[in-house]
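Enquirer: If you're matching them up, the sequences are chains A and B in order. Residue numbering for the first sequence is 603 to 843, as defined by my numbering. Residue numbering for the second sequence is 427 to 726, as defined by my numbering.
It is worth saying that the hints were derived from the structure and are not from the lab. Keep in mind that the hints are not guaranteed to be accurate.
[To be verified] Not the full set, but computed from the structure, chain A residues with beta-carbon under 10 Å of chain B:
1) Pro-692
2) Arg-803
3) Arg-831
[What the hints assert, rightly or not] Derived EDC-like pairs: lysine to aspartate or glutamate, alpha-carbon spacing no greater than 20 Å straight-line:
4) A:Lys-706 x B:Glu-635
5) A:Lys-740 x A:Glu-792
6) A:Lys-706 x A:Glu-673
7) A:Lys-740 x A:Asp-795
8) A:Lys-740 x A:Glu-669
9) A:Lys-706 x B:Asp-632
Cβ atoms here follow ideal geometry from the backbone N, Cα and C, with glycine treated the same way.
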Amino acid sequence: MRPRDDDAAHPGAGALVRLFHVSKSYQAGSWALRDVSLELAKGEFAFLTGPSGAGKSTLMRLVFAAEQPSEGQILVLGRNVSRIRPSAIPALRRRVGVVFQDFKLLPRRTVEANVALALEVVGTPTRQVRSRVFTMLKRVGLQHRRYHHPLSLSGGEQQRLALARALVTEPEVLLADEPTGNLDPDLTLEIMDLIVDAAARGTAVFVATHDHALIERYGRRHLHLEDGRLVQDTPGRGHRP
Amino acid sequence: MRRVAASARTAVRTAWSGLRTSPVTSGVAVITIAVALLLVGAFALLVTNMERILDRFGEELRVSAYLAPGLAPEAQEALRARVADVPGVLSVALVTRDEALARFRESRVARAALLDGLEENPLPASLEVSLEPAERTREGLAALNDELADLPGIEELGYGHGWVEGYARALGVVRAAALALGLVLGLAALLIVANTIRLAVYARRDEIEILRLVGASRAFVAAPFVLEGLIQGLVGGLIALGLLALFHVALVPSLRGGMELLLGDVTPVFLAARGMLTLVLGGAALGALGSAAALVQGES
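Between the sequences and the hints, there should be enough to build the whole structure, so can you do that?
Expert: Written as structure tokens, this is what we have:
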């Protein structure tokens, strides 16, 4: 395996995500992911790049057990996703925060209720839910919109809402698919700072992006996929912008 | 415990929000359940009243135990008391010889002239035995026959075999038909309700998918839907009961004349409290089961 990233917030901690020769095929002869092996340690931050169809989203879907690999093994937080029982998937997902490219927000619920959902599924007491949701919405700058519905928000606000829902549970692993795609440069940096902050608190982070300026600016580990293969794994520079 | 309470509160809140934010879908489900239960309720009402009619006929069913000639009045009374203690006997009436003669003379089939030439009353005293409703079957009568046949003082037993068998057969047919039709109607109601709720669940499949993606357990996803189904079923059941009562109140007076002719003094009744409760709670169960079935089907 590759050497441990030097910007891991907790050097020496065990890998939270491990892929061993993982391949994924949706139809015979065509591979969405091909023989990918990698590790992501606690507090480690990795950018995931590649052209559309390179396998970024597939890799993320495998990590949060939305799919099972066709070949190879995936260990996430000590659970073997390749063999996980369907009944054990919810417990795993509660420890993995995901920011989806299409946000996957509930249009009939308010902003506040969308964020609260992630806490409610683990049975967090109502009072705690309210205070944690408010704090989180404040961090992403949406506290003034908490009683609005997602469809009345701008694309950037929806993206921040999706991030708030993913981070409010303080997940051990965060998967963010183009989390800054709809944001202006100032907001992009604010959101990225939130994600970097989560990594500093020990969350292992994958961020899929097409924005090379971000990779350059943050100098984190960079994984590049092409045609389903991991063709480049560049360690981080060990500094923060 | 706090987590369970918090999850229960969330389920109730989500269910309420689901009902409030999709009034059309919920309304369709409620109306479907109400119509399905109205049919089941109308059928139950029909069966209840048919059973009453059969019970009314059953009350006419009596066994006559003819007493030995020369039995003293005290002995006749003692025998009456003894027969009254036989299991399955509802009541026993002593008909003296004089009463029997008087009845014969009054009856339509009587030919008073037949008796004119006789010097003494040829009719024996008898005990008229009525049976408990549950015993008004061929088997019940046979058991009574066994009990009474060997009693000293009873000479002969009389009852209309053909009549009893016809009555027992009619009762059996009505009950079997009621059970079969009730099952078919209940199943049809379940399928209709499950299908309606399935459409409602399908309309919210995105919500279910998102809940699963953020780590909601199956129970967490299912609870609000099942609760919604239960509330819709409860409301549907109440509406069905209300409509049934309305039809009953509105229709019975106009049908009374014809029914009296047919049934004598049997007045049509509404469902008993237990029947009403079954209809409403059955609606709730139907709604909850329909939701659960729709979710299971959606998963597969």
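Enquirer: For this structure, which hints from the list above don't hold up?
Expert: 2, 3, 6 and 8
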